[in-house]
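**Q** Here is what each chain is made of, one letter per residue.
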Amino acid sequence: MIGAMLSEAWMAMWANRLRTILTMLGMVIGVGAVILMLAVGQGAQQQVQASIASMGSNLFIILSGSTTSGGVRMGGGAIPTLTVADAQSMEELHSVAAVAPSSPGTAQLVYGPNNWSTQIIGTTPSYLQVRDWRLAAGSPFTDSDIRSATRVALLGQTVAQNLFNDEDPVNKTIRIKNSPYVVLGVLAAKGQSLDGRDQDDTVLVPVTTAQRKLFGTQFAGTVRFIMAQAESAEAMPGVEKSINELLRQRHRIREGADNDFSVRNLTAMANTAAETAKVMSLMLGAIASISLLVGGIGIMNIMLVSVTERTREIGIRMAIGARGKDILLQFLLEAIIISVIGCLIGVLLGVGGAYAVSSTTGMAVVVTLNSIITAFVVAAAVGIFFGWYPARKASMLRPIDALRFQ
Amino acid sequence: MTDPVIRIEQLYKEYLTDAGTVPVLRDLTVTVMPGEFVAIMGPSGSGKSTFMNILGCLDVSTSGNYFLNGRDVRHQSRDELARLRNEVIGFVFQGFNLLPRANLEDNVALPLIYRGISRSERLLQANVMLEKVGLGKYHRSRPNQISGGQQQRVAIARALVNQPKLLLADEPTGNLDMRTSKEIMALFSELNQRDGITIVLITHEADIAAYANRLVRLADGRIIYDGPVEHAAAEHLESTS
Numbered sequence: 024m025i026g027a028m029l030s031e032a033w034m035a036m037w038a039n040r041l042r043t044i045l046t047m048l049g050m051v052i053g054v055g056a057v058i059l060m061l062a063v064g065q066g067a068q069q070q071v072q073a074s075i076a077s078m079g080s081n082l083f084i085i086l087s088g089s090t091t092s093g094g095v096r097m098g099g100g101a102i103p104t105l106t107v108a109d110a111q112s113m114e115e116l117h118s119v120a121a122v123a124p125s126s127p128g129t130a131q132l133v134y135g136p137n138n139w140s141t142q143i144i145g146t147t148p149s150y151l152q153v154r155d156w157r158l159a160a161g162s163p164f165t166d167s168d169i170r171s172a173t174r175v176a177l178l179g180q181t182v183a184q185n186l187f188n189d190e191d192p193v194n195k196t197i198r199i200k201n202s203p204y205v206v207l208g209v210l211a212a213k214g215q216s217l218d219g220r221d222q223d224d225t226v227l228v229p230v231t232t233a234q235r236k237l238f239g240t241q242f243a244g245t246v247r248f249i250m251a252q253a254e255s256a257e258a259m260p261g262v263e264k265s266i267n268e269l270l271r272q273r274h275r276i277r278e279g280a281d282n283d284f285s286v287r288n289l290t291a292m293a294n295t296a297a298e299t300a301k302v303m304s305l306m307l308g309a310i311a312s313i314s315l316l317v318g319g320i321g322i323m324n325i326m327l328v329s330v331t332e333r334t335r336e337i338g339i340r341m342a343i344g345a346r347g348k349d350i351l352l353q354f355l356l357e358a359i360i361i362s363v364i365g366c367l368i369g370v371l372l373g374v375g376g377a378y379a380v381s382s383t384t385g386m387a388v389v390v391t392l393n394s395i396i397t398a399f400v401v402a403a404a405v406g407i408f409f410g411w412y413p414a415r416k417a418s419m420l421r422p423i424d425a426l427r428f429q
Numbered sequence: 229m230t231d232p233v234i235r236i237e238q239l240y241k242e243y244l245t246d247a248g249t250v251p252v253l254r255d256l257t258v259t260v261m262p263g264e265f266v267a268i269m270g271p272s273g274s275g276k277s278t279f280m281n282i283l284g285c286l287d288v289s290t291s292g293n294y295f296l297n298g299r300d301v302r303h304q305s306r307d308e309l310a311r312l313r314n315e316v317i318g319f320v321f322q323g324f325n326l327l328p329r330a331n332l333e334d335n336v337a338l339p340l341i342y343r344g345i346s347r348s349e350r351l352l353q354a355n356v357m358l359e360k361v362g363l364g365k366y367h368r369s370r371p372n373q374i375s376g377g378q379q380q381r382v383a384i385a386r387a388l389v390n391q392p393k394l395l396l397a398d399e400p401t402g403n404l405d406m407r408t409s410k411e412i413m414a415l416f417s418e419l420n421q422r423d424g425i426t427i428v429l430i431t432h433e434a435d436i437a438a439y440a441n442r443l444v445r446l447a448d449g450r451i452i453y454d455g456p457v458e459h460a461a462a463e464h465l466e467s468t469s
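Same order as they appear, the protein sequences are chains A and B. Counting in the working numbering, the first sequence runs from 24 upward without gaps. Counting in the working numbering, the second sequence runs from 229 upward without gaps.
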């Protein structure tokens, strides 16, 4: 029965080839647009998520805050108030996984004929844990390097590339500010950060080396910022509170006075960015869905014309024994065939378009099976939904009226 | 005693118009037994087309009883009526009413689709019927490639493919010339006499009605004559109408 209905529907569509193709085009464009837009949106989302993952998870950054000195107010970070000792005592707090004091600066690196200017971060071995950063080669520096402020360095991928080209940097000696440093290892590639900086363009040295030998500090033992990692996302509010309490106590800040530091929840900020990307992806999908809707209305339009045009045929079919539901099924099948074939072509076009966009603009696109299935199901639903009314109209015709129709 | 194919008792049909109800059929009582060949005649507006539509379960009466093959038609759902049309009745129309897109065998096989019969079986039966009306070799042609008389033969094949109890023909020769009309009527006679198919035929031509063995004459919605067809009688009625 269905087989016969299918071939009947096919025959009717074949008889009106041009019209069928034009109707299909509406679905093709709709589905193609949905898939393309979802691919672009999800690509952007994935890029943001990759950046977030590269940042490290459950992360706080503690910056030295504003200070007032002789009536002159200084902005955040202007005067270093945080110390390595602050970081060490934070490690003791409940639910804190790791703490890394950081003292950044910029310097010129030299190796043989090559030189490169980059950001150098003085920090502790826990920095690698906090940032969830692995080594591509070599080994990290240790606590004993911190204690004795040895001249050792870990190179980011970009730095290693620029100084060593294809040479293996491990155990080679580079010069920073004319002092020799042994390269202990090379960091794994991390790519861009959320704000678009190259995270691999960096060098890590022991925090004590940075403070005493490389940059020197106004106040002994101070660092610019401390990164702290909570054990879990759930523990973050509690950790934030206890860091605040600890630092106020250590810095002897009186009740009611402003903090001389600030604690920022990096993960919350990252989640906001991820949320934004998700909303953008949804918006793109929603806009594309409108074209799918328009395609559906196109199907309904054509099916209504088709029902009117074929009223007499409907009458003949009813006279020789077609029931209302047979007629309904016949017209519904036509609508579904149009939308399903349109959808298939749309999927091909959408996927092809997505790869074309990614290869011409370099934009990240992600075509997921999920988005294809979604587009497919929606298209079939649109076909049924918009095919239903005309098909029902046809099935409700009185045979006598349909037969008399000229 | 065998059951009648058609039993109609005190059947009325009225149409609702803006001017009020217009009676079209009044107090019709007719019984058609299996194997009969009945011609229904009447001038335009006599209600014969409305009568035909009611007989064919395409329309329902306002009051009165209609038993088709023993089934009470007035109390059937739309789907049940469709089933009756499919299984009990074969239609032949004045305008042939073939599907122009489909070839002849598909046209003839069409009623079988709604019985859920497989494609191979459908085509087999369709070709048997096409053979029977003498068009076997044209089974792949389309309706617009053959003559009017041939199209009507295809329509008859389609009407017969479900082995109906009753063949209803609404002015089947109205669009045909004299010679083709005679051929079509000869085919009807043969189906009636050789295969015993009950035929009810509407016409306004006396020489077409003459092929039947019983004549029912309608005028102004009433039966004014119901009896054997005789040449003289037919001619007499023709001249008075």
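None of these hints come from the bench; they were simulated from the model. For every residue, glycine included, the Cβ atom is placed at its ideal position computed from N, Cα and C. Mixed in with the good hints there might be a few duds.
Here are the simulated distance ranges between beta carbons [unchecked claim]:
| # | chain 1 | residue 1 | chain 2 | residue 2 | range |
| --- | --- | --- | --- | --- | --- |
| 1 | B | 247 | A | 412 | 28 to 38 Å |
| 2 | B | 249 | A | 34 | 35 to 45 Å |
| 3 | A | 367 | B | 273 | 48 to 58 Å |
| 4 | A | 40 | B | 369 | 45 to 55 Å |
| 5 | B | 403 | A | 367 | 36 to 46 Å |
| 6 | B | 344 | A | 40 | 28 to 38 Å |
| 7 | B | 368 | A | 348 | 29 to 39 Å |
**Q** Each of the hints needs a verdict: does it hold here or not?
**A** Do the hints match the structure? See the list:
| no. | hint | verdict |
| --- | --- | --- |
| 1 | B:247 with A:412: 28 to 38 Å | holds (34 Å) |
| 2 | B:249 with A:34: 35 to 45 Å | holds (43 Å) |
| 3 | A:367 with B:273: 48 to 58 Å | holds (56 Å) |
| 4 | A:40 with B:369: 45 to 55 Å | violated (21 Å) |
| 5 | B:403 with A:367: 36 to 46 Å | holds (45 Å) |
| 6 | B:344 with A:40: 28 to 38 Å | holds (30 Å) |
| 7 | B:368 with A:348: 29 to 39 Å | holds (30 Å) |
Comparing the model with each earlier hint shows a violation of hint 4 alone; every other hint is respected.
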